[in-house]
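**Student:** These are the residues of each chain, in order.
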Amino acid sequence: MQAMTYRGPYRVRVEEKAMPRIEHPNDAIVRVTLAAICGSDLHLYHGLMPDTRIGHTFGHEFIGVVEEVGSSVQNLQRGDKVMVPFNIYCGSCFFCARGLYSNCHNVNPNATAVGGIYGYSHTCGGYDGGQAEFVRVPFADVGPSVIPDWLDDEDALLLTDACSTGYFGAQLGDIVEGDTVVVFGAGPVGLYAAKSAWFMGAGRVIVVDQLEYRLAKARSFAHAETFNFAEYDDIVVEMKKTTDYLGADVAIDAVGAEADGNFLQHVTASKLKLQGGSPIALNWAIDSVRKGGTISVVGAYGPIFSAVKLGDAMNKGLTLRMNQAPVKRQWPRLLEHIQAGHLKPSELITHRVPLEHIAEGYHMFSAKLDDCIKTVVVPEAN
Amino acid sequence: MAYTAERPPQKVTSEQLRDLIPGWGSDLDTANRPAWPKERFDPGASGAHWDFPERQTPEGPRERSIEHRFLTPVFGTAQPTRGTSGLIRRFAYARFSEARAAHWLLLVAADRVDFVGSRATALLKGRPDNPISETGILSEVSRHGIASRMGTPRVDLRHSWMDPILVAAPWVVGGYLALRVGRAFISRGR
Ligand SMILES: NC(=O)c1ccc[n+]([C@@H]2O[C@H](COP(=O)([O-])OP(=O)(O)OC[C@H]3O[C@@H](n4cnc5c(N)ncnc54)[C@H](O)[C@@H]3O)[C@@H](O)[C@H]2O)c1
Ligand SMILES: [Zn+2]
Ligand SMILES: [Zn+2]
Chain A
1 MQAMTYRGPY RVRVEEKAMP RIEHPNDAIV RVTLAAICGS DLHLYHGLMP DTRIGHTFGH
61 EFIGVVEEVG SSVQNLQRGD KVMVPFNIYC GSCFFCARGL YSNCHNVNPN ATAVGGIYGY
121 SHTCGGYDGG QAEFVRVPFA DVGPSVIPDW LDDEDALLLT DACSTGYFGA QLGDIVEGDT
181 VVVFGAGPVG LYAAKSAWFM GAGRVIVVDQ LEYRLAKARS FAHAETFNFA EYDDIVVEMK
241 KTTDYLGADV AIDAVGAEAD GNFLQHVTAS KLKLQGGSPI ALNWAIDSVR KGGTISVVGA
301 YGPIFSAVKL GDAMNKGLTL RMNQAPVKRQ WPRLLEHIQA GHLKPSELIT HRVPLEHIAE
361 GYHMFSAKLD DCIKTVVVPE AN
Chain E
1 MAYTAERPPQ KVTSEQLRDL IPGWGSDLDT ANRPAWPKER FDPGASGAHW DFPERQTPEG
61 PRERSIEHRF LTPVFGTAQP TRGTSGLIRR FAYARFSEAR AAHWLLLVAA DRVDFVGSRA
121 TALLKGRPDN PISETGILSE VSRHGIASRM GTPRVDLRHS WMDPILVAAP WVVGGYLALR
181 VGRAFISRGR
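Listed in order, the protein sequences are those of chains A and E. 167 is the number that the UniProt record's numbering gives to position 167 of the first sequence; each next residue is one higher, with no gaps. 140 is the number that the UniProt record's numbering gives to position 140 of the second sequence; each next residue is one higher, with no gaps.
Read the hints as simulated data drawn from the structure, not as lab findings. Keep in mind that a hint or two might mislead.
Chain E stretches covered by chain A per the calculated footprint, using a threshold of three residues with CB under 8 Å from any CB of chain A [what the hints assert, rightly or not]:
hint, stretch
1, 64-72
2, 157-165
3, 177-188
Covered by chain A, per the in silico footprint, the following chain E stretches (three or more residues, Cβ under 8 Å) [stated by the list, open to error]:
hint, stretch
4, 1-15
5, 47-53
6, 103-116
Glycine included, every Cβ here is placed at the ideal spot set by N, Cα and C.
Just chain E, same shape as in the assembly (with noise of 0.2 Å):
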């Protein structure tokens, strides 16, 4: 109990649980367990056989943390940046270090930019995003998804009815200034 001094009784003795679970205690000793100490001074375990990586050549400007003293020797090329989400991201990187809300706050429009962007981009390409097969959302009926929440405590159909909004969001509001877009030329041309 809290307010005496010795901590409570523990209900299954050491020796019981020793034989209940497969495994119990056998990393008891610190010495077993590889995580500790945290740090552990030995540049040799790791099979790097150089002081300082042989750097990869960047094949155009590569963006990086101005916390950084230089370009890591290697990096990802996954995704270069792009358009009008690569001139907020180079920006973003540029002018604001990791500890500014700016850094990150940027990165995320830059995120959406960039999302609404390839939609636009792969629509004019006749290729258009198809949202019932992007969103798996047929797995609702595969896998059981009335069953899956019906009759169960889960707390988040508090707020699954969003997803569905959210993910649609861009759509309507797309359509609808679509919509005042067509309006506003058909009634000028009246």
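Chain A with its partners taken away, still in its complex shape (with noise of 0.2 Å):
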């Protein structure tokens, strides 16, 4: 089958590469009709991941057709068509029966602080992802959903991962009717999450990156306020003005390890590897927000120490709340909200590549070339 795979820090191609197999009574081989590029593959692309093997194939974000299944599965048959969430979960451990079904503890070998993801590195199991024409889904009764018919594909890749997380950032922020949220990042997570916010009851939405083209996404798909932090001395002192030097109530963290914006800690983090991330957004949420107020962390950190200002978070008395989405769960009423009207994931699909193109897929989206937001990959085999 072809597949992409990772050949070093900003190199990637497509192989020829062996089928994946049943390899545990509960998996499925499920032959990929859609996949996408997400943020979180950035930090992969980079060599930012510890233990991210040359040969890995990435891709957590992908919809197909079950092709296969092992002995014991019970609630999905050859020729179901599924959306597969990004995690990879038992939906028995302690963990899974709380929930968190991000943070399982029977999928991944190699650390105990991340659960299992598709295609992510050694670090998140040693699992190859959807980047492919075929892909091993384990505990297929546990993760896998049939698509309802109503829904279309394109909706579905993205209630996979990206749209299901913005939602998920939204919530973290434990947000209440009035509450100022200012989101950082208009990337698909950031957007999500801004869109999200209103149905939590926010007052006022506030997004902050630096690439104009994502602001008016900002302004016309999130209806939200929009700063440019590039065009501004210190974006901070902008979130005091703009809030009468309060603070907003919630920031939301939705860029993660590649923050720029400060080119120390960029180059330290993403250049020279020598932290976990750059945690330049994180650190202007923690003082942007009002005293008391409450931190969203869904952007991505590598597990090396980052330098974040938790002085300033304690001294607030800030509450920070922060996880890889249990996507599954917030399903059912994405599901509601889609069907109601209040969201269309896919608007904000900008490219489609084939996936023999996706080298070219990785750079336009981590050089932010042509206006991409988010890059749909589809592989040869449909």
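With the hints as a guide, bring both chains together as one complex.
**Tutor:** Structure representation (structure tokens):
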């Protein structure tokens, strides 16, 4: 089969690979019909995630058709069209039993601090991902869901990560009616988070980024006020000014490890890999919220330490909430939002590239060319 | 205002927002929020029909964090450890917990060894890597690299000049070393 493979920092290619096999009775093999490139893939692509091995196939955002099921699979059969959450999880460990699906203890021998994720290095369990024609899906009775007839494929695709993560990120903010919510990052995750903040009753939603075309999307798609941080000397002061020097009630970090805006932080993290991630957006979030406020972190960071301004967070009495999104928990309610017309996830898709051109897709998304927001990858087998 | 007791008044009222924004307030009630509360004990909810999953059979030694009691019942088999990088990785896993910087720094070092080794192997096999197609750099032309950056305040332009250097560094260093070795070889031959 054809699969995207990692060849080292900033390099990927498509290779002929062996077909994935059923390795456990509850495995399924899924033929991928659509995959997407996520902001998280950029951390791997830039070589920021430890134990990303040459030959690894990325891709944790995908939908497809069940090709084969293991002997103990009861809920799926060959031919089912499924959406697969980016989390790999057993459904039965201490954490899964409590709904913490992204924190499963039974699927990742390499680390206890993170659960299992498709195509996300050996640090996240060593599973090849879905930017390929076929993929092994462990715990087929737990993760995947059959795509409802009325749901568009591209909407289903975005529910497997970006949209569910944004919605989850807004919930982590514990928003109450009338809150001012500032979202750092106008990538797909930040845009869905901004949109979702209104569902929870926000009184104001502000989005901060440096890419004008994405801020335009934040205004049209998420009805948000926007600030381009590259146009201000100090974005934190702007956040104070616009909130009458109180600060926002809630800040959401939807940027993560590759945050920009501070040369030293960015270069030591993203380029030199001396930090687990550059916490610029997180530090701005900490300094932009009011005392007693809440920070939601859905931006992803690596396992190495980062220079976070914990002192300010402590002295301000902030609540910091964060996690990888437990995706499937979000689905029933998100499907209701989509059906009610509150949200159309696929509105953020800007590019569709065939799998064979995935290297260009990565460069375009990484360098933010051609007004790229979300790129969908279409494998050849279709 | 922050200096007195009351919140600054909402510029757009909740009633107005409800009219303006599709779905506004539909999840005001935390009962509608699927992630609330954080932990909800409901072992039956996931679809799992086991207390503890059957164990996947490892096909060889499988590295694991020493913070785990045993090899997890299910695990990935995508790229088993191999070669020198594999030695480093297995040592990092066996010796240091996730709490130790050494664990991660060794894994990062192994990633670079793996990278250099894979390049060399590909070259020796006569199927060298193609830096043009693998970096996707041609999308700079097809996806308007210049127009995407010109006239924007993008701050990444302050350091994106480093990217080609970081990408090319292994080649420059490797080429330089090869040149030195070659020269030494030639001068010794004279
Ligand atoms: N928690 C989860 O489950 C989960 C799931 C998916 C993605 N993520 C993470 O969410 C983050 C965003 O993902 P995405 O797909 O939207 O990525 P993306 O790369 O498309 O978006 C990131 C955006 O942040 C902007 N940015 C950079 N520095 C900034 C700063 N200092 N302040 C404000 N904006 C800044 C960039 O210009 C870009 O628009 C990534 O870190 C990703 O790994 C987490
Ligand atoms: Zn993702
Ligand atoms: Zn579990």
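**Student:** Is the coverage entry for the stretch 177-188 of chain E by chain A consistent with the three-residue Cβ rule at 8 Å?
**Tutor:** Violated, because only 0 residues of the stretch 177-188 of chain E bring their Cβ atoms closer than 8 Å to Cβ atoms of chain A.
**Student:** Are there three or more residues in the stretch 1-15 of chain E whose C-beta lies closer than 8 Å to some C-beta of chain A?
**Tutor:** holds (count 9)
**Student:** The stretch 103-116 of chain E covered by chain A? Criterion: 3 or more residues, Cβ-Cβ distance below 8 Å.
**Tutor:** Since three or more residues must qualify, the claim that chain A covers the stretch 103-116 of chain E holds, with 8 doing so at under 8 Å.
**Student:** Taking beta carbons only, do three or more residues of the stretch 47-53 of chain E come closer than 8 Å to chain A?
**Tutor:** Result for this restraint: holds, n = 7.
**Student:** Can you take a look at whether the stretch 64-72 of chain E is actually covered by chain A? Rule is 3+ residues, C-beta closer than 8 Å.
**Tutor:** holds (count 6)
**Student:** Residue count check for the stretch 157-165 of chain E against chain A: does it reach three with CB-CB under 8 Å?
**Tutor:** Coverage by chain A holds here, the residue count being 5 at a Cβ distance below 8 Å.
In this structure, the one hint that does not hold is number 3.
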